[in-house]
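K.L.:
The chain contents come next:
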Amino acid sequence: MSVPKDYRYTDSHEWVRIEEDNVVTIGITDYAQEKLGDIVSIDLPRVGDEVERGEPIGMIDSQKASTEVFAPVSGVVLEVNELLNDDPAVINTDPYEEGWLVRIEVEDLEQIDELQSADDYEELLGKLDDEEG
Amino acid sequence: MTAHGDARKTFLYDEHVKAGGKMVPFAGYWMPVQFEGIAAEHHRVRTKVGLFDVSHMGEVLFRGPRALSVVQRITTNNVGTVSPGKAVYTPVCLPTGGIVDDMIFYKVSDTEWFVCVNASNKDKDYQWFVRQAEGECEVLDLSEQYSQVAVQGPNAPALLARVFGDDVLGMKPFTFVKKDFQGAEVILATTGYTGEKGGEVYVPNAAVVALWRELMQKGEDLGVAPIGLGARDSLRLEMKYCLYGNDIDETTTPVEAGLSWTVKFDKGDFVGRDVLVRQRDEGASRSLVAFVVEGKGIPRHGYPVLVGDLEVGHVTSGTLSPTLGIAVGMAYVARPHDEIGSRITIDIKGLRKVEARVVQSPLVKR
Numbered sequence: 001m002s003v004p005k006d007y008r009y010t011d012s013h014e015w016v017r018i019e020e021d022n023v024v025t026i027g028i029t030d031y032a033q034e035k036l037g038d039i040v041s042i043d044l045p046r047v048g049d050e051v052e053r054g055e056p057i058g059m060i061d062s063q064k065a066s067t068e069v070f071a072p073v074s075g076v077v078l079e080v081n082e083l084l085n086d087d088p089a090v091i092n093t094d095p096y097e098e099g100w101l102v103r104i105e106v107e108d109l110e111q112i113d114e115l116q117s118a119d120d121y122e123e124l125l126g127k128l129d130d131e132e133g
Numbered sequence: 134m135t136a137h138g139d140a141r142k143t144f145l146y147d148e149h150v151k152a153g154g155k156m157v158p159f160a161g162y163w164m165p166v167q168f169e170g171i172a173a174e175h176h177r178v179r180t181k182v183g184l185f186d187v188s189h190m191g192e193v194l195f196r197g198p199r200a201l202s203v204v205q206r207i208t209t210n211n212v213g214t215v216s217p218g219k220a221v222y223t224p225v226c227l228p229t230g231g232i233v234d235d236m237i238f239y240k241v242s243d244t245e246w247f248v249c250v251n252a253s254n255k256d257k258d259y260q261w262f263v264r265q266a267e268g269e270c271e272v273l274d275l276s277e278q279y280s281q282v283a284v285q286g287p288n289a290p291a292l293l294a295r296v297f298g299d300d301v302l303g304m305k306p307f308t309f310v311k312k313d314f315q316g317a318e319v320i321l322a323t324t325g326y327t328g329e330k331g332g333e334v335y336v337p338n339a340a341v342v343a344l345w346r347e348l349m350q351k352g353e354d355l356g357v358a359p360i361g362l363g364a365r366d367s368l369r370l371e372m373k374y375c376l377y378g379n380d381i382d383e384t385t386t387p388v389e390a391g392l393s394w395t396v397k398f399d400k401g402d403f404v405g406r407d408v409l410v411r412q413r414d415e416g417a418s419r420s421l422v423a424f425v426v427e428g429k430g431i432p433r434h435g436y437p438v439l440v441g442d443l444e445v446g447h448v449t450s451g452t453l454s455p456t457l458g459i460a461v462g463m464a465y466v467a468r469p470h471d472e473i474g475s476r477i478t479i480d481i482k483g484l485r486k487v488e489a490r491v492v493q494s495p496l497v498k499r
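Just so you know, the protein sequences line up as chains A and B, in that order.
Going by our numbering, the letters in the first sequence line up with residues 1 to 133, in that order.
Going by our numbering, the letters in the second sequence line up with residues 134 to 499, in that order.
It is worth saying that the hints were derived from the structure and are not from the lab.
Just to be clear, a hint being listed does not mean it is correct.
Stated by the list, open to error - Below, simulated DSSO-like cross-link-like pairs (lysine-lysine); rule was C-alpha separation at most 30 Å, straight line: (1) B:K330 <-> A:K127; (2) B:K482 <-> A:K35; (3) A:K35 <-> B:K397; (4) B:K155 <-> A:K5; (5) B:K397 <-> B:K181; (6) A:K35 <-> B:K181; (7) A:K127 <-> B:K219; (8) B:K151 <-> A:K35; (9) A:K5 <-> A:K35; (10) A:K35 <-> B:K311; (11) B:K181 <-> B:K305; (12) A:K127 <-> B:K142; (13) A:K35 <-> B:K429; (14) B:K330 <-> B:K312; (15) B:K255 <-> A:K35; (16) B:K181 <-> B:K219; (17) B:K151 <-> B:K257; (18) A:K35 <-> B:K486; (19) B:K311 <-> B:K397; (20) A:K127 <-> B:K311; (21) B:K255 <-> B:K155.
Claimed, not checked - Examples of chain A residues lying across from chain B (beta carbon under 7 Å, computed): (22) V40; (23) E52; (24) R53; (25) P56; (26) S66; (27) T93.
Said to hold, decoys possible - Residues of chain A placed beyond 10 Å of chain B at every Cβ, according to the derived structure: (28) S2; (29) A32; (30) D43.
C-beta atoms are modelled at their ideal positions from N, C-alpha and C, and glycine is treated no differently.
Full structure from sequences and hints, please.
P.N.:
Structure representation (structure tokens):
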């Protein structure tokens, strides 16, 4: 399971990449896409929407399940990955690059610091694996 | 997440791993959820033939001179006075009319019935059977002895004939025969959970790997491949076949669930009859409907169903139909909104609302 070192993470399996100043890109982790299986559709916020940390901002549907995407930080949606409308399965094949979901202008930079490091997230995945035996 | 360290393996586990199956814990067993991909597997079963390992399911035998009265009393359908060799789908109800489980009764003789029950309910069912039988007949749990393989799809009869003989081709739906497979006695039934032709084979554990390999090998030119639980779910949903725990449970009755055709009120008394008679005469206050979504979003178990601002029910199952290419589902909907053609709204976890329409079932005609 891939966990890039320079990204930040949430308990609910979103990743955050810091782009510049107060702009971040958000997606779901390799673990999350693997759990979901073949992704068939997505529902994302619109550019300009205000999102609040911890609140659902979208939905990702696979053939077998649907999962909410939660905002890792509060802010305003600057950009949405339009590529996913035509080919949501990109999230399966490239969750950390081409499969990004939205870019957000962060309201409070401290919220980024409060996210998990790659090491912490890997530790979480280790625990989840143990639980599943 | 719950701990799954104690999940068991079916006798076909190694075959699945070798075939690239993605294994997940389900009803206490490690089961393949998918192989080549759920949609591809779904299409394969609709157009060619697929193999399902359903060894997690339970098998029970009722036997004895007074077994007839026991099986008639605990089921709603007429499993008793049909001819030997017939398979009958039936709910088993509580006195409240709530469904203990849904299952298939195979009538072996006038004194013997072989029953296949849901994996998640095997222990509960067995205890219920023993209690209801009150010592009037033997009730044997055979789950540890049997594995089960479902062979489903338009090419399934041809494949089964190659393995078990051409007489299989003349079998009517919902019948069964005993067959020899490499010295093991198997039960071959023309039943299934996909809406396709084919059958289900109950096979002693020791012979199941050989049977699985023979089906794979002899079916190669027929397009056979293993199919996971994911496609099993989307296939049954397109047919509006109920999944216990999702669409039916102890709080729902066969009349509400659209299973009135499995309730034979004139067969004599049976557990739950009083409540079901009342629901039949007065009409149930809600019913399980099939619907298609007219917009974006996939309905899932538990989502509220609205008409205007009023909550009139909830979704029990939902998926993107691989055959139709649109989202479909099943839901309990209050009268009168449960009529064919009714417009309903699905509340997708408070995120968005999508329009849907109640339609006739099955969702996909076979």
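K.L.:
None of the hints should be skipped; say for each whether it holds.
P.N.:
Verification of the supplied hints:
no.: 1; hint: B:K330 <-> A:K127; result: 44 Å, violated
no.: 2; hint: B:K482 <-> A:K35; result: 20 Å, holds
no.: 3; hint: A:K35 <-> B:K397; result: 43 Å, violated
no.: 4; hint: B:K155 <-> A:K5; result: 27 Å, holds
no.: 5; hint: B:K397 <-> B:K181; result: 36 Å, violated
no.: 6; hint: A:K35 <-> B:K181; result: 28 Å, holds
no.: 7; hint: A:K127 <-> B:K219; result: 50 Å, violated
no.: 8; hint: B:K151 <-> A:K35; result: 20 Å, holds
no.: 9; hint: A:K5 <-> A:K35; result: 21 Å, holds
no.: 10; hint: A:K35 <-> B:K311; result: 41 Å, violated
no.: 11; hint: B:K181 <-> B:K305; result: 20 Å, holds
no.: 12; hint: A:K127 <-> B:K142; result: 22 Å, holds
no.: 13; hint: A:K35 <-> B:K429; result: 22 Å, holds
no.: 14; hint: B:K330 <-> B:K312; result: 19 Å, holds
no.: 15; hint: B:K255 <-> A:K35; result: 27 Å, holds
no.: 16; hint: B:K181 <-> B:K219; result: 26 Å, holds
no.: 17; hint: B:K151 <-> B:K257; result: 33 Å, violated
no.: 18; hint: A:K35 <-> B:K486; result: 26 Å, holds
no.: 19; hint: B:K311 <-> B:K397; result: 28 Å, holds
no.: 20; hint: A:K127 <-> B:K311; result: 48 Å, violated
no.: 21; hint: B:K255 <-> B:K155; result: 24 Å, holds
no.: 22; hint: V40; result: 5 Å, holds
no.: 23; hint: E52; result: 14 Å, violated
no.: 24; hint: R53; result: 17 Å, violated
no.: 25; hint: P56; result: 6 Å, holds
no.: 26; hint: S66; result: 5 Å, holds
no.: 27; hint: T93; result: 13 Å, violated
no.: 28; hint: S2; result: 17 Å, holds
no.: 29; hint: A32; result: 14 Å, holds
no.: 30; hint: D43; result: 6 Å, violated
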